[in-house]
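First to last, the protein sequences are chains A and B. The first sequence maps to residues 458 to 950 in the numbering used here. The second sequence maps to residues 446 to 767 in the numbering used here.
Calculated from the structure, these hints are not laboratory results. As the structure is a computational prediction, the values presented were derived from the model and not from experiment. It is possible that some hints are incorrect.
[As the list claims (entries may be wrong)] No farther apart than 30 angstroms at their CA atoms in a straight line, the calculated lysine-lysine pairs in the DSSO-like style are these:
#	chain 1	residue 1	chain 2	residue 2
1	A	K595	B	K645
2	A	K503	B	K560
3	A	K563	B	K645
4	B	K653	A	K595
5	B	K645	A	K879
6	B	K754	A	K776
7	A	K576	B	K645
8	B	K645	A	K593
[Unchecked claim] Have a look at the derived ranges for each label pair, beta carbon to beta carbon:
#	chain 1	residue 1	chain 2	residue 2	range
9	B	E591	A	G566	39 to 45 angstroms
10	B	I686	A	S816	41 to 47 angstroms
11	B	T477	A	K582	53 to 59 angstroms
12	A	K840	B	K560	27 to 33 angstroms
C-beta: ideal position from N, C-alpha, C; glycine also.
What follows is the residue order along each chain.
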Amino acid sequence: MKLELKNISKNFHGVKALQNVDFQLQENSIHALLGENGAGKSTLVKILCGVYQPDSGIINLNNKQQSIPDPSASLSLGISAIHQESVMFDELSVTENVFIGNHITKSNGLVDWGLMQDKTNQLLKDLEANIEPNEKIKDLSIAQRHIVQISRSLIHDADIVIMDEPTASLSQKEINELYTIIRNLKKQNKSIIFISHKLDEVIEVCDEFTVLRDGELIKSDSIQNTNKDQLITYMAGREVNQIFPKNDVIIENEIFEVRNLFKKTQFKDINFNLRKKEILGFYGLVGSGRTEIMKSIFGITKLDEGEILFKNQKILIKKPSDAIDQGIVYLSEERQQLGMTGLMSVKDNINMAVMDRNSNFYVMNKLKEIKNSSAMQEKLNIKVSYWSQLTQSLSGGNQQKTVIAKWLSTKPEVLILDEPTKGIDVRSKSAVHEFMGELVEEGMSIMMISSELPEILGMCDRVVVMYKGLIKDILNVKEASSEQIVKLASGES
Amino acid sequence: MKKILLNRDFILFSIILIILIAVGFANPLFVTPKSISDVLTDTSILIILALSQMIVILIRAIDLSVASNLALSGMLISLLSTVHPELPVYYFIALSCVIGTILGVLNGISIAILKVPFIVTTLGTLSIYRGLIYFVSDGKQVYSNEFSEDFLALIHVKFLSLSFLFWLAVLVFIVIYILLNHTRFGRNLYSLGGNPDAAKYIGINENKYIIMAYSLSGFFAGLCGYLWVARYSVASTQIAIGFELTVISACVVGGISVMGGVGTVLGCVLGALLIGLIRNALPAVDISQFWQLAISGAIILLAIIINTKTEQRKEKTIMVEN
Chain A
458 MKLELKNISK NFHGVKALQN VDFQLQENSI HALLGENGAG KSTLVKILCG
508 VYQPDSGIIN LNNKQQSIPD PSASLSLGIS AIHQESVMFD ELSVTENVFI
558 GNHITKSNGL VDWGLMQDKT NQLLKDLEAN IEPNEKIKDL SIAQRHIVQI
608 SRSLIHDADI VIMDEPTASL SQKEINELYT IIRNLKKQNK SIIFISHKLD
658 EVIEVCDEFT VLRDGELIKS DSIQNTNKDQ LITYMAGREV NQIFPKNDVI
708 IENEIFEVRN LFKKTQFKDI NFNLRKKEIL GFYGLVGSGR TEIMKSIFGI
758 TKLDEGEILF KNQKILIKKP SDAIDQGIVY LSEERQQLGM TGLMSVKDNI
808 NMAVMDRNSN FYVMNKLKEI KNSSAMQEKL NIKVSYWSQL TQSLSGGNQQ
858 KTVIAKWLST KPEVLILDEP TKGIDVRSKS AVHEFMGELV EEGMSIMMIS
908 SELPEILGMC DRVVVMYKGL IKDILNVKEA SSEQIVKLAS GES
Chain B
446 MKKILLNRDF ILFSIILIIL IAVGFANPLF VTPKSISDVL TDTSILIILA
496 LSQMIVILIR AIDLSVASNL ALSGMLISLL STVHPELPVY YFIALSCVIG
546 TILGVLNGIS IAILKVPFIV TTLGTLSIYR GLIYFVSDGK QVYSNEFSED
596 FLALIHVKFL SLSFLFWLAV LVFIVIYILL NHTRFGRNLY SLGGNPDAAK
646 YIGINENKYI IMAYSLSGFF AGLCGYLWVA RYSVASTQIA IGFELTVISA
696 CVVGGISVMG GVGTVLGCVL GALLIGLIRN ALPAVDISQF WQLAISGAII
746 LLAIIINTKT EQRKEKTIMV EN
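Chain A on its own, in the form it takes in the complex (with noise of 0.2 angstroms):
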C-alpha cells in the first residue's frame, strides 16, 4: 500500500513539533526514518497511528484522502505499529497478545481457543520465532515482545508495520533473527517504517530514507545514493540556533568523583569526576543507563559496587536524606510524578524538602518559610497568580522551576538534572539555561543528563557519552564535534 502525507504541522502549546512535513512511503519498502531525539519522528508516528490529530495537511493510502480520529481507525486502516513502550498485555498469553481484541469465535459464540493457539503456533513457525504460544507475555525476552507485536500486526492483515527502534534493547543474535523477520514481512508485501538511531543497520535493512530535523522535512532519498557520514551530517548538522546564555567560569578543582559504579544488568564500570563550577553532560540513547546511574547516586537504587568521593573523601549514601545532608541532589525527569505534589502550593512545595531547617522542636516556622519560598520565587522568577495557587496548574515551565527551587532550598552544592528541559516551552527553557549559568558561576557544581545534543553543546563543559550501560568516552564539547558525540552515543566506533 502507498502511504503520502502532504504538508503535515503539529503544535503543542507553541512548540513546532512538525513543520509542513512530507512523507512517501512507497510500497513494498522499508524505509528508514531517522533524526535525533525530538526531531518529530515520534510525533509523525503518533498521528499515523491515530494518537495525535495534525494541525494540518493531508494524509493520503492509495491516492485517497484518510483521516485517522482514533487508533482503531489505524488498525482498519491496515497501519500497526510496534512500539518501544509496551502495549502489550504482560499477564495474558502469546496467543491472546496476538489476538487482542480480534479474538475468533465458534458458531456457539464462545472464544475458539484451539484455532487461535494453532495460529499463533503457525505464525510463529513462519516467523521463525522460537516462543511457545502459552506462555505469558511477561517472562518473554524484548526481542521475543517484538516478535509477537509483529504477529499480531498481521493477523490484524496490515499492510503497514511501524517499528520504533525495535532493535534499541537487543542482543546482535536477536537483532539478526529481527532483521530476516522484517525481510520476510517485505516478501509479504508489506511496507515497513523502521526508526532507528543505528546507521549501520539503517544502511542495511533500509531501501529509502527520511530524516527530520526541529520537526522540519531534511531529506528524503533511496538508501543507495547515501552513506553513513551523510546521514549523520543531515541528522546532527545544525547549527546551535538557540541561546545558551553560559558565562564563562573558571572551573575549579575536583569536587565529585565515582569510582568503578557497578549494578548487574544496569551499568559497569563508571569513573567519572566532576569539578567546583563545572556543567557536565550525559549523552546517550533513552535507556543507555544514565539515568540509573544517578539514582544510584542519588541514594533511590542500590549500587552493586563502586565508590562515591565528596571533596575527596570516601562517602556512603544509602538513602536520598544521606546524599541532601551531604549536598547532592537529584531533579528527576518525572518532575510532576517524583518532584512535585501537584495539590499543595507552590510554597508548599518549595519548602518541601527542608522542613526541619524552618521549624523549631518540630513546629513549622511560617515565616522563614514564607521567607525562603519568596526569595526562591523572585530569584527563579516563577509566575503564579496567586500566593496560594496549586502548582499543578501552573504551565510546564513553572512547574519545573518549583521543582528546581524546592532543591535549591537545600542549599546543595552538586545539583543532578535529568532532563531538564524536556516537554517544556522555548523561553522557559532558555530562562533554565540562564539559570544553570547563574549557579555555576555562584559556585555550584551541576551533572545534567540529556537527549538533546544542542543543549549539551551549548551549556557543558564536558560530555560523558553513554551506549548501553557503559562510558564510551568523556568528551571536552569544545574540542568535541556532534558527530562524533552521535557516532559515540550510537555505539560505533
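Dock chain B against the given chain A, drawing on the hints supplied.
Relative to the frame of chain A, chain B by itself:
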C-alpha cells in the same frame, strides 16, 4: 513440575489442605463428611459473591455495595412474600436478581457516565442501599414464621447429600469460568484491567465494560439476597453487615490482583474456601472466642504473603551480552 508447584492456585490449595489436616488432628470431628459438607454450605454465598466481585476487581475497580445490595434485595422480596405468600419461589428469586441488577447498574452509571470514582460511588451506595432497608421496612424484621413454606423449602433441598446452596455455587463457578475464559467479554475484561491504555488502542469501550461488570456484581448480590434470607429465615436491617470486606478478602487471598487484570476463577473460589474454612475451624479447635477474629486475620495475611512471594518478577536489563 516446578511450574505446578509454583502455581498460585496450587499453593493455595495446599494451604487449605494443611489447615484441614491440622484441624483434623486437633478435632477429628471436624473432618467428617457431614461437617465438611456444612462448611461448604456455609461458604457457598461467599463463593458466589467473591466470584462476582472478581469480575469488578479485574477491571481495577471494587464494589463495596454488595452486602447492602444483598440486604436490600432480600428485604424487598421478604416484604413482598409476607403480602403475597402464594407466589412461587422462583418468582421471588427472579425478582431479587432483577432488583440487585438495577442497583448494580446504578453503580455502573455513576462510575462510567458521571465519572464518580468507584470507591466514592460504592461507599455512597453502601450507605444508601442500607439506609433504604430502614425506609422500606420501618426498621422491622421479617421473621421465619412470616415466610411461606415454599419460600424457605428450596434452600433445604439436597442432592447427593450436598445442599442446594453448594450446587448453586458450583453452577455459578462454571458459568463464571466460561464467561471469563471463553467469551470475548471475559477476555476483554482481562485486557482492560491489565493495561487500560493499550485496551483503548484496540478499541475496547471502557464504559460499557464498567457498567456490565457492575450489573453482574449486582445480579449476583440480588441472587444472594434471596439465598441469605431463605437460609437464615430472617430479613432485617442488619443482615450481612460488613460482609463486603469478607468478600474482598476472599478475592485477595485467591490471588485476584487489585491492580487489575490478574487472577483465576479457581483461585477466587479457593480464596473463599480458605476464609470459610478458617471461620468454621477456629471455633472447632477450642480457641478462645476473643482470639478468633485476630487469628483468622493473621492466617489470611500469612496466606497472602506465602502466595505472593512465590512470584518473582524479572528486572529490566540495559546491558546486553553481545
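Checked hints:
With a C-alpha separation of about 20 angstroms, the suggested pairing of K595(A) with K645(B) holds against the 30 angstroms cut-off. About 27 angstroms separates the Cα atoms of K503(A) and K560(B), which keeps this hinted pair within 30 angstroms; it holds. Between the alpha carbons of K563(A) and K645(B) the distance comes to roughly 25 angstroms, so the proposed pair stays at or under 30 angstroms and holds. For the suggested pair K653(B) and K595(A), the alpha carbons sit about 28 angstroms apart, so the restraint of at most 30 angstroms is met.
Between K645(B) and K879(A) the CA atoms are separated by roughly 27 angstroms; this keeps the pair inside 30 angstroms, and the hint holds. A hinted pair counts as satisfied when its Cα atoms are at most 30 angstroms apart, and K754(B) with K776(A) qualifies at roughly 25 angstroms. As the CA atoms of K576(A) and K645(B) are separated by approximately 25 angstroms, the hinted pair is consistent with the 30 angstroms bound. Between K645(B) and K593(A) the alpha-carbon distance is near 21 angstroms, which keeps this suggested pair within the 30 angstroms criterion.
Taking 39 to 45 angstroms as the suggested C-beta distance range, the pair E591(B) and G566(A) conforms, at roughly 43 angstroms. One distance hint, 41 to 47 angstroms for the beta-carbon pair I686(B) and S816(A), holds here, with the actual separation near 45 angstroms. Judged by the Cβ atoms, the range 53 to 59 angstroms given for T477(B) and K582(A) holds: they are separated by roughly 55 angstroms. Between K840(A) and K560(B) the C-beta distance comes to about 31 angstroms, which sits within the given range of 27 to 33 angstroms.
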